[in-house]
Amino acid sequence: MSLLGYVSGQIEREERLLEQLSKATFVLQSDSLGLAERVGVTAEDVSRSRDQVSAFAARLVAALARNDVDPAVAPIVKRILQSPMPVSDWSQDLRALARAAGTPGPFPHQVLATLSSIVRFIDVGFTEELYRLYGRR
Amino acid sequence: MDRLPFLRAKAADGELHLKWLKAELSSLRARAPSRLQLFDRLDAEVRGAEARLSDLKVVISAAHPTLMDRGVQCAHLLDAILNKVSVTYVGALRKEGDSERRMRGLVLSASRSSGMSWIQDIVVRLDGTHAVFATFPEIPLLVAPPRHIASLYDMPGLYHELGHTAFVKFPAIGDCMRAAVAEYFDAQRRLGGPLTPGQRATREERLSAAEQYWTEWQLAELFCDIFATYACGPAHYASFVELGLRMPYDPFEVVGDPHPPDAARERACYESLSLTHRGEELVNTVRKAWKAHEGKSGPNHQYMLRCGDELLAKLVGVAISSLEEKIPTLRRYQAALPSVDDVERLTPTGNLEDVLNQSATILFLAAEQYGKWEGAALDWCARLARET
Amino acid sequence: MKRQFARTRQIDRPRLSGREAPRPRLGATLFRIDGVNDPTFDFDVLRVREAMPCDSAKAERLQRMADQLWRRELKSPVYPSSRFDFPGFIVPAGTVNRDRVIELPGVPDRTYHVEVTDQAYTVRADKVSGSERELVCRMIERAFTNTLLKLRHELWKGDLWTLFFRLAAENEDVATDIVRAFRGLRFGVAIVNGELALAADARTRYIGRKSLAQATFEERQRILQGHLSPALRPDERAQFVRDNGTKKIACRYVGDVQQTAGEYTFDRDGQPTTVYTYYRQRYPEVRVDLSDPLVFVQDHRGGVPLAVPANRLFPIFTTDYEAIRRCSVAPQLSPDERLRHIASFLPYLRDTAFGDTKLTPRLEPLVGNRKVFCPPSLEFGNKVIVSPFDGASRPDVSASPFDRGVLAFGGVKVHAVESQPPFHNEPLPDAVLLFPGSLSRGEREAFATILEQGVQKLTGQRLRIMRQVEYATGPGEREGTALLREAEQVLRAAKDSLLIPILWDGFRPSVHGAFKEAVSPAHSQCVEESNARTIATGRDPARLAGLVRNLALGLTTEVGVIPWVLAESLYHDVHIGIDVLHGRIGYHALYGLGGRYVTSESGTALHGGRAHEHIKAPEMRRRVEQILRRIAAADRAPDSLVGHRDGRWWESDRRGFREAIDALQAEGVLPAGFRYALVEVRKNHLPVRLFTERIVNGRAVRANPLPGSYLLLDGERAILASTGRPGAWDQHRGRTAGTLLLEVVEAVGAFNLEEIVEDAYRLTHLNWSAPDIPIAHPVTIRWTDHYLRQTLRGEAVRTQRWALEQDEGAS
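Here the protein sequences come in this chain order: A, B and C.
By the count of my numbering, the first sequence reaches residue 137 at its end, each step adding exactly one.
By the count of my numbering, the second sequence reaches residue 1388 at its end, each step adding exactly one.
By the count of my numbering, the third sequence reaches residue 2811 at its end, each step adding exactly one.
These are calculated hints, taken from the structure and not from any lab test.
Treat the hints loosely; a few may be bogus.
[Stated by the list, open to error] Simulated restraints, written as ranges between beta carbons of each label pair: (1) 1205(B) x 2320(C): 39 to 47 Å; (2) 2467(C) x 1285(B): 32 to 40 Å; (3) 1325(B) x 95(A): 47 to 55 Å; (4) 95(A) x 2684(C): 54 to 62 Å; (5) 1205(B) x 55(A): 51 to 59 Å; (6) 1061(B) x 55(A): 39 to 47 Å; (7) 1285(B) x 2465(C): 31 to 39 Å.
[Said to hold, decoys possible] Within a straight-line C-alpha distance of at most 16 Å, the following computed EDC-like cross-link-like pairs (lysine to aspartate or glutamate) qualify: (8) 2383(C) x 1310(B); (9) 1291(B) x 1250(B); (10) 1314(B) x 1186(B); (11) 2127(C) x 2714(C); (12) 78(A) x 128(A); (13) 2075(C) x 2159(C); (14) 2495(C) x 1040(B); (15) 1169(B) x 12(A); (16) 2495(C) x 1043(B); (17) 1296(B) x 1253(B); (18) 2157(C) x 2173(C); (19) 1019(B) x 1043(B).
[Claimed, not checked] Over the 10 Å line for every Cβ pair with chain B, so calculated as not near, a few chain C residues: (20) 2131; (21) 2246; (22) 2443.
Here a beta-carbon is modelled for each residue, glycine too, at the ideal position from N, C-alpha and C.
Using the sequences plus the hints, can you model the full thing?
Laid out in structure tokens, this is it:
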């Protein structure tokens, strides 16, 4: 019996989450930088991305406030807790992110930076799992 | 922007890799045109990889520092898909020979007879210890030892691996088990009697640590033991105990991997047997041996906090209820085991679970007849594989 | 007129008619007082002239002032009163001259002036409660005291105004008894359902035959260490009696006088007088010589030291002195003997002058229908329920099968504990055994094996003794330093270990508490070396099984195993027990079905470096809020609560409680209709015993009360007997069960006193550490008290001696 069963099953879920949020971040960043047309981002893409980001930020805020954590966000919560910034600051920034996503108008730079940090956490976790599964030199 | 050359290189290589992959898949599909679901799925993954490559190219052309992270993430996503498809599936499919196909046929027949309705196809590699890639739960890649070509020994372990596909396919099962853990520890917190505030605080720390032990990973592994026993009955129980008895370490210790302690797994397997099966001679014989093994060490405090009998029974109950609710097609193995009174006359019959249970009965209760038995059983299994 | 009453005179019992009462009845050592024609009592009101700080210590301050007024200034009962909007006291009318102003020293250099106001008022005995009730009772007690004081050729007063002993010892002629036993009467006055009654109980005082002057050096070191030790403060030392013939005065040794009776002089009425001369004049019948050595004594805490002849000092011993166990006069009495003894004193009180009337207590005790609670059903593991009776067939409380079932319930519990899994089987931590070298290897191994078997039998778990560590013993190790050092090392290496120290027989008593305190919060279960040896050698087979079982229970419940819980609901959702000891406060709250869940808190009542009995309102509020929030979050919001306090609910305690409830209601944590009652639970209270009376062959026979018997004194107070062994304790040299007094001092919302008392009784059935031995207190008090005493055992031992000397002979 090996470890592959669980990890291989989980990585698919993480892959979907990473793609969704990474894409949403790209869309919102492009829109904020005025590059939307150049990179082929439509208004519909922006609206959909705002919704996804808003929902995810709210989910993370709830997870940080509770003790029992949804396994889908558990790795992100773990990295947040290990980061130098206090949890209260993270909660504040995530709430600001959720608010900005629900408010028309450009995203403030600081809010996008928060979103990027979260997506980077997801990416780091995903890549670790990926190479645990497939090995590396 | 320093990462831009890396991203460009990734895009160039990705282009080539995808081209090769599409050609490989096309060739493999031609060799097994009936395996539509498998190749359709792999083609869909390739399309996903193409989309990621396209996104990567957009980032490269935008060449803006803020967007570089997205490029890196696209590269990782591309890698993931390519690994999944080429390293895992294509690698296995290229090496697929008669033995692998026979094994595939046998496992598919078992999945159908036991009601694993979500499984559409299986890819098999006969070059390692039992493992599964459950990335696509409907089309798992099973790894098994080459010995399975000529032996039924340890074969019930495959059911544990198939359990991972169920855990991925039906995430609500994990949710229920997680809720059961929380409920159990909440109830434990209220108990303990008239402890001093300091003692209660220490107890709270210990209980929290014990609760945190049960991550989704541990729950998944325990679920797979439950699933395997549910589907394969005493054969899986005996197979697990036999595996555990081979291990030199204390069965109550966590030995550094995400599997729960062997004692907890044995308990879960035992609790997953039907009441009738618990009374079978095979089960009693095997259990006695296990209890003797446990008796050499005995449960330690950490084990009892983490893996109390009440918690394990609760998890088994919740897992089985979830199986019955979420996978109503899944059949619980409940057939009576053969008697060994007239063992020479016994012939293999039924589906793979039946054969494995018959085998386990003869192996542990009339081992001297096992050699003769296994030959006939393997022939029967070959027939089952052909009929799929 | 000199009254002559034979000490053991048989009082004529009433010959009852041939129609005998078929039911057992409940009696109490309460005797109606005849002669009270006018039930009204007049009070004067005193006030403190100066403004006083209005803080949490106010009530305690006023109580101290009341005590000073009572004992020093007025020699008459004084109670603080909250009836007025000024700091005031109530006294019997006419106690203080209207012109008199009393000066009382305050802290640090304040003087308060107390004067009589014109706020006199009258109360009725059948309608009083609280301090007014107490004042009425004290007024009548004083009258009885005055009557007995006149009998100085027959009785001598103990250290309480309501405690008198016969002048002649019961065993005067028994030369083999090295202590003399004096039988006496402790009395009080109570108002029972509006009527005045004398509460009375027997007391026995044991005084050494040898005086201090006669004691050898070895006796001073060994037997009189508690009386003389310089390591103890004078008020912590055991008492002597200063035997001046007809006058015997309790006192405590302060120090030696380096002069003799003929040399030392003191000022008497302005004239220097020697002790010798004083005795010749004052107590001519007492033999004192010029050369007699003197010692200094104090008659009360803080009193002026007096020089007295050492040959007039005789040590008072408490019942833990081994010689008393061998004495021909047993300290305990069966109910029948007790009542006869009390009855022999009652005639002394006949025609006691009180105002214009004469009071006489009746000779027959109060007897009425028996009220007794049924023991609760208990739940063990696997939901096994154990009851004293089958649910469908509970006999009538007056029928013999009922008594049999109740008395057999202890045995039923023992059987269940040994045959059923515990309600909650907490995992046992790995254990470390610490042992003295005086225990041989064979004894130690046998003890460990037997203990493991005992634990296995109760829980099914294996007790893993991972290490055995020897600690040093010897003359320099009486304080247990080596033991503590080893324990600390063990915990440094493995902080979750369960420590099992076998306490060397040579340790001081304080080592037990010091150990628990030092290793806390780690779990530990101490065993006396002598008990470990008894277990290991099986020397006392009759005791062995119970000893092992109760030790295993102690150990397993210490780490959190719950052998059983109550299977039935209590009437109230939450019970909180609160106790204070040496400035430390313990709170234990029980909630859930039958109080099966427990949560606790601890706090401090140290203010300004001094330990107080009252709890500051903010401290009480915080703890009660924390507890109730925790309960509401873990279980559900409770609807009702009963608070048990071992002793008095001070005003600041009550205020803190009220504020906590109000705050939680405002937040919505508690419902708007939340009810609570605050109950004082006292083991030391009125000298009242309960007993069962049956008519046998036309004769009233008195026996121990059935555990669970209770008597309602009025709407707020009840007496409960939760312990006792009818039958076994009713023989000659038997004993009588003690009682608790429960008094509801504050209630918000509707409450039924019987339900409050029944809940308290049911909560005595969580006697996990010894299921065959009923306990007196509900576990709300018992566990809290145990927690405080375990960690303050040294001070507690000294305090306990003082408390015993105040009220000797209980049970």
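Okay, the hints, checked on the actual structure:
For residue 1205(B) paired with residue 2320(C), a C-beta distance near 41 Å keeps the hint of 39 to 47 Å intact. Between residue 2467(C) and residue 1285(B) the beta carbon distance is about 38 Å. The supplied range of 32 to 40 Å therefore holds. Checked against the given bound of 47 to 55 Å, the beta carbons of residue 1325(B) and residue 95(A), roughly 37 Å apart, lie outside it. Between residue 95(A) and residue 2684(C) the beta carbons are some 60 Å apart, a value that agrees with the proposed interval 54 to 62 Å.
Between residue 1205(B) and residue 55(A) the CB atoms are about 35 Å apart, so this pair departs from the stated range of 51 to 59 Å. At about 30 Å, the beta-carbon gap between residue 1061(B) and residue 55(A) misses the expected band of 39 to 47 Å. Range check, residue 1285(B) to residue 2465(C): about 33 Å between beta-carbon atoms, so the 31 to 39 Å window is met. For the hint linking residue 2383(C) to residue 1310(B), the alpha-carbon distance of about 14 Å falls within 16 Å, and the restraint holds.
The straight-line distance between the Cα atoms of residue 1291(B) and residue 1250(B) is roughly 12 Å, inside the 16 Å bound, and the hint therefore holds. For the suggested pair residue 1314(B) and residue 1186(B), the alpha carbons sit about 14 Å apart, so the restraint of at most 16 Å is met. About 10 Å separates the Cα atoms of residue 2127(C) and residue 2714(C), which keeps this hinted pair within 16 Å; it holds. A threshold of 16 Å between alpha carbons decides the hint, and for residue 78(A) with residue 128(A) the separation of about 14 Å falls inside it, so the pair holds.
With a C-alpha separation of about 14 Å, the suggested pair residue 2075(C) and residue 2159(C) falls inside the 16 Å cut-off, and the hint holds. This hinted pair does not check out: residue 2495(C) and residue 1040(B) have alpha carbons roughly 59 Å apart, beyond 16 Å. Annotation: proposed proximity of residue 1169(B) to residue 12(A) holds, straight-line Cα distance about 11 Å (limit 16 Å). Among the hinted pairs, residue 2495(C) with residue 1043(B) is inconsistent with the structure: their alpha-carbon atoms are about 58 Å apart, more than 16 Å.
Annotation: proposed proximity of residue 1296(B) to residue 1253(B) holds, straight-line Cα distance about 13 Å (limit 16 Å). With a C-alpha separation of about 23 Å, the suggested pair residue 2157(C) and residue 2173(C) falls outside the 16 Å cut-off, and the hint is violated. Restraint check for residue 1019(B) and residue 1043(B): satisfied, since their Cα atoms lie roughly 12 Å apart, inside the 16 Å limit. Listed as outside the interface, residue 2131(C) is consistent with that label: its C-beta sits roughly 34 Å from the nearest C-beta of chain B, beyond the 10 Å cut-off.
In this structure residue 2246(C) is separated from chain B by more than 10 Å, as the shortest Cβ-Cβ distance comes to about 52 Å. Once the 10 Å rule is applied to beta carbons, residue 2443(C) is consistent with being away from chain B; the minimum gap is 25 Å.
Checked against the numbered hints above, the structure violates hints 3, 5, 6, 14, 16 and 18; every other hint is satisfied.
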